[in-house]
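Participant: Residue numbers (the working numbering), protein chains in the order written: chain S, 1 to 267; chain V, 1 to 93.
Do not take every clue at face value.
Claimed, not checked - Straight-line C-alpha distance at most 30 angstroms; calculated DSBU-like pairs for lysine-lysine:
#, chain 1, residue 1, chain 2, residue 2
1, S, Lys-108, V, Lys-77
2, S, Lys-211, V, Lys-77
3, S, Lys-108, S, Lys-23
4, V, Lys-77, S, Lys-241
5, S, Lys-108, S, Lys-18
Unchecked claim - Covered stretches of chain S (in silico footprint by chain V; criterion: 3 or more residues with CB under 8 angstroms from a CB of chain V, positions within the stretch not fixed):
#, region
6, 13-24
7, 49-60
8, 88-100
9, 104-110
10, 118-131
11, 214-221
None of these hints come from the bench; they were simulated from the model. Note that CB positions come from ideal geometry on N, CA and C, so glycine has one too.
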Amino acid sequence: MDFREDQIARYSRHIILKEVGGKGQEALLNARVLIIGAGGLGSPVALYLAAAGIGTIGIVDMDTVDMSNLQRQILHNTATVGNSKVESAYQTLTAMNPDVKVVPITEKLTSGNVLDMFRAYDVIVDGSDNFGTRYVVNDASFFLKKPLVSGSILRFEGQVIVIEGYRDTPCYRCLYPEAPPPGLVPSCSEAGVLGVLAGTIGTLQAAEVVKIILGIGEPLTDRLLVYDALAMSFRKVRVPKDPACALCGPSPTIRTVEGSTDWVCSI
Amino acid sequence: MSVLIRIPTPLRSLTNGQNEVREAGSSVREVLDNLTARFPGIGERLMDEKGELRRFINIYVNEEDIRFREGVRTTLKEGDEMSIIPAIAGGSR
């Protein structure tokens, strides 16, 4: 591919990295990434991916921007309060890099539409706020064989893992076989979240997405990264593929995407 | 013999805000029993009515998930570190 002059300037710090180069930058420009949630995690993920020149960024969210979002959701700003989050994201990302085709999706993600929604993308990023969605996203990514970069945050702690359960690495159900029942754990609005934590975890997710597209380094596929902002500690624990996994084990009982995304945000 | 236990932020309200506590015991079960005796309420957050570890809470001894060892019967040695890591889902709203 022939880069335009403005593209050579824009992506020069990538292109001079031998692990990226012109070829790698071309791969980024041709890549299609879908981000679930235009919130705390989706914001830094989308901004860094747009800056990196990811060709197509789909972003799914049905909420509108609320003043209480602005403490951490840096895609949005005071002027977009009340607007659709994905429209607000569209404006911010397009202003950041007009090379990027931003696809705003206001639909609610459900087990019924998830496969059609995911099909056109190369990598899925989960920045959702509830367990129901996390299992639906995991299962759909598994059936469609799409790498899933999962991140989650609560209070002062965050977790990141790359999920490719269709290979010999674990899926989200291997890590957490079941979601907590609602009510057993405090809701996110009660629990709170340190705003900058979203930036730390979302940026790590963006790094994994770029590595996957470039095919460089070691993906975080069989380790869970746990970040504690108070202790300023990053720890990795081993996550084996569960031979009893209902989705990706040898005797699966889950054969289609099921489950509900109507979950309250818990723990 | 005692081991270091890392407490995740959602459970620190039950450990007087401490992120790490030391507890005696030669198995995960013994350590959890002692932890619960010292910090009432933490046991039911980690285990169900049958005393089984809840399926959205993982306990790691050093880097290894005890589900893939001997569960709560996993034995411990001096210097081991236990981490309690619950599923969390926040990110968007």
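Participant: Output the numbers, in ascending order, of every earlier hint that fails for this structure.
Facilitator: Numbers 1, 2, 3, 5, 6, 7, 8, 9 and 11, in rising order.
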